[in-house]
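Student: Below are the chains, spelled out letter by letter.
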Amino acid sequence: MTEKSSMTEVAAAAEGDWITLLKDNGRTGGFGAPTVPSPTKARWQLRLSSPVRSSPALREATLYVTAQRGQLYALKTKDGRQEWKFEAGGKINSTPSLSGRNVLFGCDNGKVYAVNGDNGAKVWEATTDGEVWASAVVRQGMVFVGSGDGHLYALDAENGKRRWKSESLGGRVYSTAYAAEKAIYVGSGNGTVYCFERENGKILWKVATGDGIDSSPALVGDTLLIGSQDFFVYALDANNGAVRWKYETGLGVAAAPAVSGDAVVIGSKDGQLYTLELATGKLRWKIRAGEAITGPAVFGASTIYLQSWGLQALAADTGKTVWRAGLGMGVQNAPVIAGGSIYLASLDGEVYALE
Amino acid sequence: MGMDRRTFVKRTCTGSAGLMLAGVPVLGTEQVVMPQPPPIDVHEAPLAKKSALGMPGLYPGRVVELADARAIAGNRVSQPVVHEMLERGLKELTGETSPAAAFAKFVEPKDVVGIKINPSGAPACCSSPELVREIIEGVRSAGVPVRNIVVYDRFGYEIDLGSYQTLMPPGIEIFGVQDGLLDASGYDANVYCDMNFFGEWETRSYMASIVATRLDKIINVPTLKDHSASGVTGCLKNVAYGSFNNVARSHKEPYSFTNPLIGVMCTVEPLRSKVVLNIMDGMRMVWHGGPLTQNQDFIAQTGVLMMSTDPVAMDTIELEAIEKKRREKGAPSVWEHNPKSITADSREFYTDASKNLFYRQPGHIAAAGKLGLGVSDLKQIDHRKLQAS
Chain E
739 MTEKSSMTEV AAAAEGDWIT LLKDNGRTGG FGAPTVPSPT KARWQLRLSS
789 PVRSSPALRE ATLYVTAQRG QLYALKTKDG RQEWKFEAGG KINSTPSLSG
839 RNVLFGCDNG KVYAVNGDNG AKVWEATTDG EVWASAVVRQ GMVFVGSGDG
889 HLYALDAENG KRRWKSESLG GRVYSTAYAA EKAIYVGSGN GTVYCFEREN
939 GKILWKVATG DGIDSSPALV GDTLLIGSQD FFVYALDANN GAVRWKYETG
989 LGVAAAPAVS GDAVVIGSKD GQLYTLELAT GKLRWKIRAG EAITGPAVFG
1039 ASTIYLQSWG LQALAADTGK TVWRAGLGMG VQNAPVIAGG SIYLASLDGE
1089 VYALE
Chain A
45 MGMDRRTFVK RTCTGSAGLM LAGVPVLGTE QVVMPQPPPI DVHEAPLAKK
95 SALGMPGLYP GRVVELADAR AIAGNRVSQP VVHEMLERGL KELTGETSPA
145 AAFAKFVEPK DVVGIKINPS GAPACCSSPE LVREIIEGVR SAGVPVRNIV
195 VYDRFGYEID LGSYQTLMPP GIEIFGVQDG LLDASGYDAN VYCDMNFFGE
245 WETRSYMASI VATRLDKIIN VPTLKDHSAS GVTGCLKNVA YGSFNNVARS
295 HKEPYSFTNP LIGVMCTVEP LRSKVVLNIM DGMRMVWHGG PLTQNQDFIA
345 QTGVLMMSTD PVAMDTIELE AIEKKRREKG APSVWEHNPK SITADSREFY
395 TDASKNLFYR QPGHIAAAGK LGLGVSDLKQ IDHRKLQAS
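Protein chains in written order, with the numbering used here: chain E, 739 to 1093; chain A, 45 to 433.
Looking at chain A on its own, in the form it has when it is part of the complex (with noise of 0.2 Å):
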């Protein structure tokens, strides 16, 4: 598994701004100029061999994106629906007949996969567990073994509220890497980030050992959400933050460093070599709030399914539909930097979407495509919106 080769390199990307001025208007009069994010050390571990299925996987560029309005209802997620979708899209993806041929792209008998779903948020938005199902189903079709998957996410309890514990088939096993929100046994101490943003007394970041060492193989469930530091936590942030531990101290109202920090990390191996394919559950889209919201007014039952193998790009395609979505609204774009907007009462934040925590940092997503992670650019997305049927 190549844990015995250890590199050490310093990696950092260009600044929040310099990657803003690609994609959103120059800055204004009333936005701030954000500070320059320190560089980031990274302690890694590569595979002995490289995976060509790592990201950007087997398909830069390409995302399959499904919409159909009978997938979701009165706030219930029907699986069949689902079901019908997901195999739909995959072979879309892969040009594959069946979802048993699809998932054999990306997963072999022999592995150990993950399913990194997304329960921060849980109840009210969270990996449904009726996708997290069809999934399983899914790679058990490519020949793995129900004692060969586990669904896991870094806190125990969220999993708990979500009650996938309950929600899953017998057999698989569900993991929280740490059963309390200091525990840092469920890390690996040779493999971690280490950077100080705000003069914080502990400076490392620990990839979790589930995933330096015991997966072999990684399927991706990030929700479509909206995040008050990130701008969106989609497949990048669902796998970075959701990886490593000691990363609430990237932001500190109201500035945020998660640009670079969750496209570096992505990038440190073993993880970038084992995440093989992205799912986004977007049967709700939270559009202000995220990631924590419970308040269903910023939730809509927008019933979307979302497959690719690039991170970037999809991710790409996800802030383009919330932004959608907060105009529709009427709330600000998560590119804005105005001071009048930031609010150090969470109470206003939860209740008033014009209101946020932090000055949001989406150039993360552009940030990782120049880390080679994917692909950013609208125009040369290959996005394929398949109608329901």
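So that you can see chain E by itself, here it is in the shape it has in the complex (with noise of 0.2 Å):
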């Protein structure tokens, strides 16, 4: 079960591509990405007719955003020009991933929808018993995407049809799940992560922590991230569940924990950010970044990045602001880095391409 590394994943993807949540499927949170100094300008700026909860994903030359009122855009990152518009039958909040040429993305009437990424026409539809806040997850032609149903769904990518459906997870299930290899990691509302059999939803382990979760995995070898309402971050034993280390936060960690080499970014929402050492979880350093943190912060090559109630930039060895820009509030939202510019949508409906 040991996930040695997510280049498989990655290496579908154009090396620019932003393909999901943190990057690829790896949650590597943008590992690698070049560092963008600071931003001196929006080279473009779009309003939409909606808020953003949801963080972008790119793909060559085009942004995708899903839109709460339930519209996935299609941006030109030269322009910001609209290419084609998706209408959902209901409300978006989730962060959208690529599969080859389809855009994947949850909506609040219970469906995951696949997109056709060049024009926008629906290719396939599948449908759950609850609005669908995860991200879909895309690994050897199946997509894994959780729902507030309480259940784990494995789709196939192809035409959309089920392969399996897990148990009731006893909660909501608004963690976006890691595949690995052979096997499916995701946490649930009732405060339970769960490792499940990829091929057949078959329960392999689960172990609780002390309140709801709806911070979204990331696996590093065989050590498995995640926070917990419970105020702890997790590193969990990848093959049994067992925990090898927590480390206590102030409040609720909601966000979903960035990897770079042997450390653990993750914030809290107590308003700090916390870098974390993969092996012992020793606190390496911790800054206030915020009054809550909830969403994911991206790793650049030096650089952390993160989207809260303004985007700053961070040195990823102290944690000392390298700039700060007040705009893009957002929840859950994060950036995408690629191209030496920032792309970023917020709550307030709007789209950046900064550099």
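Note that these hints are calculated values from the structure, not bench results.
Computed footprint of chain A on chain E, listed as stretches where at least three residues anywhere in the stretch have a Cβ under 8 Å from a Cβ of chain A:
id: 1; stretch: 782 to 793
id: 2; stretch: 885 to 892
id: 3; stretch: 946 to 953
id: 4; stretch: 962 to 969
id: 5; stretch: 983 to 991
id: 6; stretch: 1027 to 1036
Built from N, CA and C at the ideal position, the CB exists for glycine as well.
With the hints as a guide, bring the two chains together.
Tutor: See the structure below:
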């Protein structure tokens, strides 16, 4: 069950693409993305007719943005002009994921949509019995996504047909799953972390935390990292769920961890951004980076980017502020770093390309 | 539901200074005289048949308070202890022998029940998910199906910050009236209060459609919290400013017209008739910096739960509790109107308990009493304090 790297999935996309939450299915948080110097201007700025609660995805020269009032937008990275727009049948809070030429996302009407990324035509839709806020994760031809109905679903990436549906997980599944080669990991609103057999959805192990989970897990080697509303960040043995270490923050942890080398970066609702040592959970540094941090940090080569009540860049080794921009209000939003630009969408409905 | 009958009334009440004279020392030399509030035009939609359950409800003047140190430890709320407290408190409030029977006093299986949380101030201080989950179980025990229970507030992003979507059981609808700060699509164009406080261009505040039309009953779950403009944000403010839009305009530094607006809004039908029970979450008490502070220095872990059908009586008790805590901490009374305490610097307000952004107006509680929403005279309040079991 050891996950050596996520290179298989990363390789499926072009180098600069940003195919899902935290860049790739390895949830690396964009590690390796070149550091972008303090932006001096917005190359373009676009106001959508809807707030955006999610993070954009990027492929080649197109930025995909899901808007809360039910639209998926395809925007040209060059100038922000709209290529096409897809109207879903409900609100969208799910960060889009890219699979081949398709864009996948969940919707409050219980559906998971696959839309052709080139022209906005619907390719398939799959149905769950609850709202879908999590992102769809694609690996080896299968799509994994949690639903507010309390189940994790595995779908065929080609046609959306259901491969399996997990047993009830006791709470809503807002956590975006991590898909490893043979196992799928996800957290549930009832506070339990689950590991499923990839092929059939059989539960291999589960471990309870002290409160609900909306954080999305990351896997590094055989260590699974995830936050919980019980204030702790957990490092679990991915083979059996044993707790290797846990680190206590001051409030609940809704953010997803981002990993770079031997460092784990994660924000807490106590407003602190923490960098922990991957092997031990020892605190390397923490810094107050906002009133409450609920969105994931993005890990550039030497810089950490965080979109909370504004966008900020912090030095990865010390946490010191490198620059700050007073735009980009977000709860679960995170920026995309690519081609020397920073793309972000915000709760006030603005989409920016900064450089 | 009576939505075909619209009424218009001009509603106001005694100005703030007059109300204050009944409950606090006469204005001192360093106190300023507040401007008088304008009249408020109310356009409402009364229920066809007035509900006996509406504010002040079945037990006017009765407030049950429980405190249990086990209820919160290390800033974590214990759901099992909250369960015990809720059960004991509701039995005491209603005289019933089971929580299911107690909830059945307020809701029926056919009702669509709204649980009005207060996520403003999340994540540091908001309606505890542990308590909300217990209330959901209580409502279900009275026969209300999961699909008819809605946990709601005005702002979706504040609900999001509190992670309520994740933390509530599957099947419960979590609803934010607005998905943006200026979104007006979730409001009823026919039910509103109209008043002009400071020359604002939009003088109407509309009632949320979910309150005006969709919900049958509302269980109000405010927090125990200081408020920079209104003195406290308790039962009255949680349902008033949590049901109408465009309300922040009632206070413009340093003046506040939260009194009388809060009380007047609570009288507007059908809101008044639908609020049947108030369960105040005092697991934490924000004694300064409300409603949005995240500064733990101003948040006490008090482990308190209060229950009442009378929002005025409960807010009166809440006000006393916050005043007591502020005295203990050496902070000025929320009634103080001393210009030296006013600051325009929000950073100063959030770090210094002697400073405030507005001249607070806690007189809205007594004003609401005058409007018939409940009992504000402490001597007439049946305050039942239960010790930890």
